[in-house]
Every structure is written in C-alpha cells, then in structure tokens.
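Keeping their order, the protein sequence lines are chains A and L.
First residue of the first sequence: 1, per full-length UniProt numbering; consecutive thereafter.
First residue of the second sequence: 1, per full-length UniProt numbering; consecutive thereafter.
It is possible that some hints are incorrect.
One copy or any two copies: either way a pair holds, since identical chains are not told apart in the list.
Straight-line alpha carbon distances no greater than 30 Å define the calculated DSBU-like cross-link-like pairs of lysine-lysine that follow [stated by the list, open to error]: (1) Lys413 / Lys314; (2) Lys478 / Lys314; (3) Lys413 / Lys478; (4) Lys478 / Lys505; (5) Lys505 / Lys413; (6) Lys314 / Lys505.
Simulated from the structure, these hints should not be mistaken for lab results.
Protein chains: 2
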Amino acid sequence: MADAAMEARGRRRRGRGEADSAAPAIRPQPRLPFAPVPAVSADELEAIHEASLTILEEIGMDFLHEGARDLLREAGAEVEAGSPRVRIPRQLVEAQIGLAPRSFTLHARNPARNLAIGGDAVAFCAVASAPNVADRDGGRRPGNRTDYQNLLRLGQSLDAVHLWGGYPVEPADVHASVRHLDALFDMLTLSDKAIHAYSLGRERNLDAIEMIRIARGIDDATLEREPSVFTIINSSSPLRLDGPMLEGVIQMARRNQVVVLTPFTLAGAMAPVTIAGAVAQQNAEALAGLVVAQLTRPGSPFVYGGFTSNVDMKSGAPAFGTPEYMKACLLGGQLARRYGLPYRSSNANAANTVDAQAAYESVFSLWGAIMGGVNLLMHGAGWMEGGLQASFEKMVLDADLLDMVAEFLRPVKVDPEELALSAMREVGPGGHFFGCAHTQSRYRTAFFAPMISDWRNYESWREAGAPAAYDTANRLYKQRLAAYEPPPMDPAIREELEAFVARRKAEGGAPTDY
Amino acid sequence: MADAAMEARGRRRRGRGEADSAAPAIRPQPRLPFAPVPAVSADELEAIHEASLTILEEIGMDFLHEGARDLLREAGAEVEAGSPRVRIPRQLVEAQIGLAPRSFTLHARNPARNLAIGGDAVAFCAVASAPNVADRDGGRRPGNRTDYQNLLRLGQSLDAVHLWGGYPVEPADVHASVRHLDALFDMLTLSDKAIHAYSLGRERNLDAIEMIRIARGIDDATLEREPSVFTIINSSSPLRLDGPMLEGVIQMARRNQVVVLTPFTLAGAMAPVTIAGAVAQQNAEALAGLVVAQLTRPGSPFVYGGFTSNVDMKSGAPAFGTPEYMKACLLGGQLARRYGLPYRSSNANAANTVDAQAAYESVFSLWGAIMGGVNLLMHGAGWMEGGLQASFEKMVLDADLLDMVAEFLRPVKVDPEELALSAMREVGPGGHFFGCAHTQSRYRTAFFAPMISDWRNYESWREAGAPAAYDTANRLYKQRLAAYEPPPMDPAIREELEAFVARRKAEGGAPTDY
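With the rest of the complex left out, here is chain A:
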C-alpha cells in the first residue's frame, strides 16, 4: 500500500517534471589534477608484483567453478585433479596484463549521466549492499523495499552520487527469487544514473544486462560495444573465487560489461597481518580475476579493486578509515596503475552513529582513496558500521564531503584576473575587500557552499537550538525526499521494462540456491 501510494505520487511528480522543468545541468565528473601519491618505491612495487605472481604460480587459488577451471586449463594453468586448486604460471598472468582498457565509458540510461571510468576521472557510488538501514527518526531496521526506494530517491537527488554500486540497502522483504527484478526496476525508474548488477547466479547477471539494454533503448550489438552495467566480484579470501562470482566474471566479460574485482583482504583475518602481505594477496586475487575475465574476452573492461583494511586488535572486528587502510589505498592505486587498470576504492568507516568518528574515518578513507588515484569510489555516500548499515543522514553528509572533495580537485586558476592585483591596488593596505568590484562580481559563486557545515557564530547557533551535523543532515534528507522528482522516462520503455519483469516473475525469477 505505502509502496503503491509512493509510486503513484512519483508518477505524478515525474509528469510535472517532464512538462515544466528543464533538466538541471549535470556537473562534470571530478578529475585528479595531480599525480597520485605512491606508497612504496618502484622496486618495492615490483617485489609485491612478483610475490603475487609467486602466490598464483606456487600456492595457487581455489576456483569453485568448472567452466573457469576449464578456461584456465586450456590456457596453460595447472588444475589439480579432483580439486578446485589451480596454479597459474606467471607468464599466463603477465600475458593478460595490458589487454583491458585503461579507461572506458560506463553508460547510464540518461546519456548525460555516462561516466568515464579510468585515467584521471573519478566517479562516486552510493552505499551498496547494507543489510540494515537507519535514520534518526526510525532507528535501525532491516533492509526493506520502502527504505530501498527512498535511498534511491535521495541518491538520485544528490549530484555527488554519480552511480549506484548495488542496492543501497537490501530490499529483504522482496522474495530472493524476484528481488533483483523489482530492485533493478526501481533503480532504473526512480533514478537515471548508471547501475550495478549482483553476481549471484547466471540468470541475475543476464536479467540485469537485459534490463539496462531495455532502459537504454538499444540493441544487443550496441550494448556489447557500450559497457552499461558493472558487477563487483569479491574473492572469498584467502585465495578463493566462488562459483557465482566466477560465473559473474564470465557472463559480464562475455558481453563486454564491466568486472570490478575486489578482494576483501582484512589484514590479520583473511589476509596476512602485514600491509605488504595483505596487499600482495589482494593483488594475487585481483590478477586471478583479471586472467579469467581476459581469457573470457580479451579487452573486456576490468577495474582493479582494493579493499584491504585491518582488524581491531582487541575484538577482531573490521576497522576502516584507519592509517593502515589509507596506506593500502595508496598501494592499491599504485598497483592498478602498474597494470594500466582503473582503480576502485571505498569511502568506509566503522562508526555506529553519525558522529565525529563516522566523519573522520570517512574523510581518512577519502584521503587515501583520492591521493591513491581512485577512479571508482564505492560506498561514497551513506555507508556506516563497516557496511552493515545504510544511513539516510550519512548519505547527505557524505554527499557534502564528496562535493568538497570534487571542489578540492578543481584546479586553482592562476591568471591576471585571479591574481587580482588591480583589486589590491584599489583596496590598498589596511582596506577591506568586501566592497570592491572584484569581490562583488564574484562572491556569490566564489566559494563552495556546503549543505551541512554550520558557520554561524556560537550565540546564533545556540539560539537556533545548537544543531549538530547529524541534526542538520536529518532535516536535509527529509527535505530532499519531499522535493524528489523522478527523472523522465519514455513510457514505452517503462512498459517494456514492466513487461520484462512480469514475464521473468511468471517464469519464477532466478534460482535461490546459487
């Protein structure tokens, strides 16, 4: 009922939006204006590379997918009889490096939302895959479709969110067999930004590819030329790729869609307790995914993912935004560049509430990712609790942080107008610049205007109820949801999407025993 009412309201709004408002200009993607910062010397980088090749060649990895093992065997890898263990000769790995593009365009259903992935371009995803959702009014609750849709609406309204990295929260009240159909339908209708497909069995990959094809209104050949959906492939560290993940690599690469391979190498748990060791393992696992993707289709788009962090020494709990996380971010970027691959990192934190910890761990994560040369930033807006919670307030706060990062990355302009000698001549020693022409013609747009930061003086701020950033974010997310307008969509395309979902549901959806 609530869903239907919201949907109806959405339709009315969409109608209005189409009729009377010109689409606001979409800001260009941020670009890195400086060289990324290296974590280790060139020799040390080679030592890590060589260690990863040794891992793949001597220790080997478990590939829990017969088709992937066949592919590797045919290419010259040594597959252990009656075992998932595969050892990949270093030459076979080296031969796959350099085939995938250094950068490519990820297409969205709205072409104005297409994104460059790689080079100096940066793209920010929303939070993805949280099992719980929270806002201050409703508290923390398991993921459900209503919150899922509202997070889509909120993310669509935030310019800083460039694309979806998965479901911002799991709509767990939709049956698993058809969840991907409803969830992707929501994502493609409530938003016009680029999308992600979960690799949870062949059918889900193929359904997602078909739904973005329909949403874009293109044919199969165009889709295959134009990557339009990406999948995150996590290894089951240490040194293991499971069946659905390998199936995802193969299905996506076969159609020239994007594979983002991200080992989750938590130092001290699923990886060695040292940064160099954990990253060497991360690198081995990422290269293993690269080999499968490039053997499936040489030149298919592939993103190198890094997600090495450490555990809390006291409890074994994962920690994020730590100094170790930052160093691993820099090192991961250095390795991705060595292989000529776009680099994925994350805006991560392990805080339970939207407090100073949530903010500093997030900004430390951003610091590591950005200075490491990130191209695809996962979990950019809304991630909390090490990924267990999607937060409405944090999504708004993070969008503000991402906008600040984007403004930081905009180069300083140096020319006579900007150097402003004439203004200094006019104002002179001891004067004030508020009134001069140089200021008056620029001050309205001269500086970044944040959503959250409260710069009132203490007295005014206290009179206004002493709002903390959490309060302001709470107020703002509700304002934005109330003002949400769905992006326009050709009714024929919407009908085709609806028909596809209805047909696939009638067929029983996708198996749940992947």
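Got chain A; can you put chain L on it based on the hints?
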C-alpha cells in the same frame, strides 16, 4: 586557592614521577615519506611569486614601526614621507631569499622534546590563543588560568602534541601586565615541550626568551646558537604589519629565535576573493616579514606561514577546512619550498560542537596541510569555532587524529617477512590467518590502536549506552587529567624561574598599552 591546591598536588606528583618512574620513550617526529602535492604548475607558481614582488614594489605595505622602516630604508626600500607606506624593490626581496635555514632544531627544556622544523619533519602544536574554553560538563566559558593549566596538563600527557603554539586558552583572569609571566611559568613547569612567545611588546618577547633560557639552564650564547622559542607574527591584512608584530620580528630575529610569519588572508574579506589573489597577497606579506627578519639578522630561523581561507558567502563568517582552504594549503607549501623555508599550516575548523562537522573540517585541514608538506602544524589539537574556543574533548580527539596521520606517514615496509608468503603457504586458500605464527607474533602491535574509535558491533555498542565520539573524548580527557604527572624539573631551575617571575612582577610586569 584552587590554583594553589592544584599546584601543591602537582608538586607531589612531580616528586613521585622523579623518584619511581622511568620517563616513557618519546616517539620520533613524523616524517613525510612522499613528495608534497603541488597545487599549480611551476609557471603558475612563478606568476604568483612575481605578483607578490609587484605588490611589494608597486603597492607597498604599511609598516607601523619606525625601527622597521629605518631598517628597510637603509636597505634600499622607498619609505613614503610621513606615512607608514614602504615599497620594497624586488631585488631587495630576492636578496633575502635563501638566507634563512631550510630546517633547524627548536629546543625544548627537555632535550628529548627538541624538534626538527623543516625538511620532511612534521611537528604538531596544541590549540593556541582561544578566548573561550569548553568541555561538555562545564559548557563554554571565558578563558581562565585553571582551564589554561588543565589544557597544559592534558596537552603534556598527549604524545601527539609536540609543542605549544601559544596559550591553549587565554588565562584572562590574570592581569595583562603579568599574564605572560604566570602563563609561561605554568607552561615551563607543567610541561617540558617547546614553547611560543607572544609578540605583544618588546618586554614580553625578552621575558619569554629569558624564561626559556633559565628553564633550559643555559647561557645567553648557547641560547643564541640554539633557537628555543618561536613567535607567531600575523600581518594585519591587507598589506600591513603592526608595531608589536614588527617589534617581535626584530627582537626574536636579533637573538636568533624563530619567527613564524602567518598572514591571515581571508579571501573575500582581508584578501581578494580568489585563491590565487589571496595567496599572492599572503605571499607578499610573508616575504615582507622575511625581509625584516633577515635584515635584522641574516640567517635567523624563519618559517613561512599560510592561513588563507574563505568566508561563508551567506554571513561573511570565516570558514575552515573548506576545499578553498585545502587548495591554499597545497599552494602555501609549494611557495614555502620555492623559498627553501619550513612551512606552517593549521588544523582548523569552524564547528561549534564536537560533531561530524568538527571532525570532517579538521581532517580536510590535515589533508591539505600534510599533502602540502607542512612542517609546523599550528592548532593541531583542541581548536574549535574558528579559533574562538579551546575544547578539552577536541584536544583528545585531535590527538587521536594526529596519531593516525603520523601512522599513515610511517612507510609501508616491503621485505620477505612483511610479504608473508610463508604465512600464505601455511594458511592456504580458504584458511584463516588469526591462528598462524606470522599473525600471532605480530597482531598485538601490528595496527594503530585509536583512543576514540568505537569498533564494537552495533548491539554491544548500544548496550554500552551508545556512546558517540564526543562522549568517549569527554571520558578520556578526564581520565588523562586525573592521571597527569608533571615532568621533572631541577628544583634550582624552578626556583630561578620563580625568582624571575617575582622580580618582573615587582617591576610591574610589561606595559599593557602595546
């Protein structure tokens, strides 16, 4: 009364500390392991440099100090008759560049606390010069000696605080004529870290120099060889240096003590509304200070300070930790390196409470400062409200941030032990690293252990009362104050300091009409 009681308790503790506890090892200063990040191209940097020389040569600056004007006139500057306006030929400026040392040691009364200033070394100061102080229990209140002393105790207890950048809060209940005597006495007895002297008239500079000489137990000649106190010189932007500030430059440089010249060039208010313009003016004002310092004593230690930020477009209030602030941090560092000078920046924010805003603005400031190659970070721990408030909780939280930054700067080690191939061989695909020997021998010290971050799972955290970072910082600062032990001091030195303070008080202290 309270002060006296506290002092008595302090003495007892100091006694104990001397008797039965070995001094804990002082961690080495952080060093930048990578090249700082440039904000502009080499050509653009030269354009800014040239613009600054043009400002000094053609517009000129007001020097509200006859001695400084005489010095400049004798060196070839053009002093306007009957006016403070001085125009400095570019050759005169260029001739002073390269005379000051690229790096030097700032001596503390405890030699183990001596600091390298310059090169790749980083030193963190505590908050300085706030008129108000706050903690959650006592609220916000005007500065006073009790809070001043407690902030000294807290800062002394925090390893991340390397030195004092001034009074953490103004002890405004001590009469201005003798405040510097009591305040420096407290600083030199409650702490053994390096100190700052305010330039508020000749007597205060000279008293500070004498007090650190006594505290170090050295003679005048040694003091003059070994810089032991620094002063912050702020220009009265735009393009003006006032009398006490210029007197401070001259008095400190004459004795080979450290001048840190920091224009406060708020873009859109005391400086042009553009970053390039505001920094060109910052640079002109910093170079003007360099000229006076080097004309006074060629080769005297001088630090290039940058503090360019922007105003809030809505209110005109100063803003910090903004994207503009970050860019100005990078650019300031680039200019300091061009002149071969150590670089000063700040950990700034404009938040009114210790919330997410306080944290993200601070970490953005640290990001800009660190990647800009900061050598002397002012206001590192405890600054709030754009400098109007020193916060006990923020001091602890910031110390944690600074420790995280220091750990981030510690290079990743890459060698066979760290690469951990043997551990990966032992654990193998699908295993777990917790139990292996490589982890067991390292996990206790493998990762940075923060003071504040709460990494418990949501349920445990909620059962524990759902503490936010502010709550944890509040608890920790009180624990640290309760556990405070004053650093040892030779009783003869203490008596000499007491006698000096008593004599100078009897003489009436220092004039208050500076």
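Verification of the supplied hints:
For the homomeric pair Lys413 and Lys314, the shortest alpha-carbon distance between copies (23 Å) is at most 30 Å, but the shortest distance inside one copy (48 Å) is not. Taking the shortest alpha-carbon separations for Lys478 and Lys314, only the inter-copy value of 23 Å comes in at or below 30 Å, while the best intra-copy value is 38 Å. For the homomeric pair Lys413 and Lys478, neither the shortest alpha-carbon distance inside one copy (37 Å) nor that between copies (47 Å) is at most 30 Å. Taking the shortest Cα distances, Lys478 and Lys505 never come within 30 Å of each other, neither inside one copy (33 Å) nor across copies (61 Å).
With identical chains, the CA atoms of Lys505 and Lys413 are never at most 30 Å apart, being 55 Å at best within one copy and 53 Å at best between copies. Proximity of Lys314 to Lys505 under the C-alpha cut-off of 30 Å is found in neither arrangement, the shortest distances being 47 Å within a copy and 53 Å between copies.
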